[in-house]
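2 protein chains.
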Amino acid sequence: MLYVVGPATNHQKIRTNRETIKMSILVVGSVAFDDVTSPSGTVKNILGGAATYFSLAASYFTQVHVVAVVGEDFGPEQEQVFRNHNIDIRGLERAKGKTFRWGGSYTDNLNEAKTNFTDLNVFETFHPQIPKEYEDTEFLFLANIQPTLQANVRRSMNGVRLTGCDTMNYWIKGTPKELAETLKVVDVLLINDTEAKMLAGEANLPRAAQKVLAMGPQALVIKHGEYGATIFFREGAFGVGRHPFRAPSLPIEEVKDPTGAGDSFAGGFMGYLASQKKLTRETLKRALFYGGVMGSFAVERFGTERLQSLTREEIDARFEIFRELTHLE
Amino acid sequence: MLYVVGPATNHQKIRTNRETIKMSILVVGSVAFDDVTSPSGTVKNILGGAATYFSLAASYFTQVHVVAVVGEDFGPEQEQVFRNHNIDIRGLERAKGKTFRWGGSYTDNLNEAKTNFTDLNVFETFHPQIPKEYEDTEFLFLANIQPTLQANVRRSMNGVRLTGCDTMNYWIKGTPKELAETLKVVDVLLINDTEAKMLAGEANLPRAAQKVLAMGPQALVIKHGEYGATIFFREGAFGVGRHPFRAPSLPIEEVKDPTGAGDSFAGGFMGYLASQKKLTRETLKRALFYGGVMGSFAVERFGTERLQSLTREEIDARFEIFRELTHLE
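These protein sequence lines map, in sequence, to chains A and B. Under numbering that gives the first Met the number 0, the first residue of the first sequence is numbered 0, with each subsequent residue one higher. Under numbering that gives the first Met the number 0, the first residue of the second sequence is numbered 0, with each subsequent residue one higher.
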């Protein structure tokens, strides 16, 4: 596929070449510059943000459209990262001021970042505008932004077949009512153990999962960091089945930078789904494995470095390793 | 099989009936009385101890012989629990005084117990004596006791084909030299994440695993609590294979009492191995699943209640659920 980010005619071309625009996903979230310190070193001003990690991870599976805001410091070099992966950035709003900046440190416990600074900058007043051409995209991912903005985006898209959504402790605690409204209009919520327990007010994971599902989503993906992820289904959602499903994570010898692992997971998960005709439980299970695979690649290098240089062959080879990791003959 | 704990003639009978004594396992460890408080309630003076949980879990797979010490408060009622599972308690030493007692509490975080009291009692001077009839048992499990005692037991058994071993932070910190000697004579070490990282002095799990394997064991099982377990192999041990293997754990809605989960895991793991003719990587992988299965049953009721009332059919049904939990078509 030869896709150049540009006028609508190119977009049309994709429609024709790939037969349908259904094979695409729209992500709304942050694009940022990050400073990261981990036991492996320190990097400054590297391209980051949930929408960036998500887009790059999903780009190996499907056409990605991005809606985000950047400042005047976002230049051709950063744009090129998206272009190299045929990511459609017509929805990237340019605002006066600086791009969102985040600084974090990881010590030996690579599971948790210590935030050193958060400069929201242009992100502070971000109101996502969905370009007309994106409105009939069939897959949507609402990365971690204010819940009402998430819900508004969802409502402005008429043809969406499946909506994935992320959130965080800040919104769970600070805007629970708004978040509850958002959860009514999303299909799959992807959060981690702590967030799930906090959202449900319940310390037991499967019971917490049932409570969260009762809030709206058809499926709930709980990410366990280095231990993989579990997907819980509403009864009857995506077919029949009694039990949740768990995908492992590969034990990785060198985790250089865990930043963006969750967003890369979401990109692999949602990107794979957007590439599938049927959304069955089996599809969602495979998506859970692909999520783990993309998360495992992301942490091997600082920032998006590893996600920028992958091949689909490498991804599928690691998928097989993940499968073997828990496969009994 | 009709096996009554009693004189050596019965033991001989087993040898004849089952063709070989190879289908048995010896466990050396603690038998205790526990007081446990969890969000589900409080129980007092219930039968516990690593050797008890291990024996009951392993008894569904193989003949179990126990070496432990109990006090005068250990009566016919407790004996009957072992007898009901054909567990050979001729190695159960009766000493003057009280049996080992432990009290612990679990709050919402069921992964960690707060120890309220530890009365070693007769366990304080325990020096395991291996009955002559046990010496050619082919499988051995050294539950969590002082490392030199563990090594002495191993050395006194000539026909052992596979030795499993547990330990804890107390010995890792307090008697590292003694533990290092023990690790040279065991085949499979079963510990949790924190213990593995402490033993290796390394925060990264797969790197910690490599360091622990270099200390002696052929395989290392790292238990992740509610997230399952991973087995790492020395190169060439138990056949060929590049990667570790991970078994999931079933998300359980009601965890009543996590006490003994690790020992039940070890009982399922080692018991299954002792029932197998060949020890291949595939056998060890299945054993890892059976370990998780027995651990998941143990926590459903206080103490050993659930382990006392199982059937092999229930165990195999849950094994299938565990398999489905990560199985892609």
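A hint or two may mislead.
Quick look at which bits of chain A chain B covers, simulated, 3 or more residues with Cβ under 8 angstroms [as the list claims (entries may be wrong)]:
no.: 1; segment: 178 to 186
no.: 2; segment: 192 to 206
no.: 3; segment: 282 to 295
Hints in this document: simulated from the structure, not taken from any laboratory. Built from N, CA and C at the ideal position, the CB exists for glycine as well.
Using a Cβ cutoff of 8 angstroms, are there at least 3 residues of the segment 282 to 295 of chain A near chain B, or does the coverage claim fail? Result for this restraint: holds, n = 3.
8 angstroms C-beta test of the segment 192 to 206 of chain A against chain B, three or more residues: Coverage by chain B holds for the segment 192 to 206 of chain A (5 residues, Cβ < 8 angstroms).
Chain B over the segment 178 to 186 of chain A, status - at least 3 residues with CB closer than 8 angstroms: Answer violated; 0 residues pass the 8 angstroms Cβ test.
Violated hint for the displayed structure: number 1, the only one.
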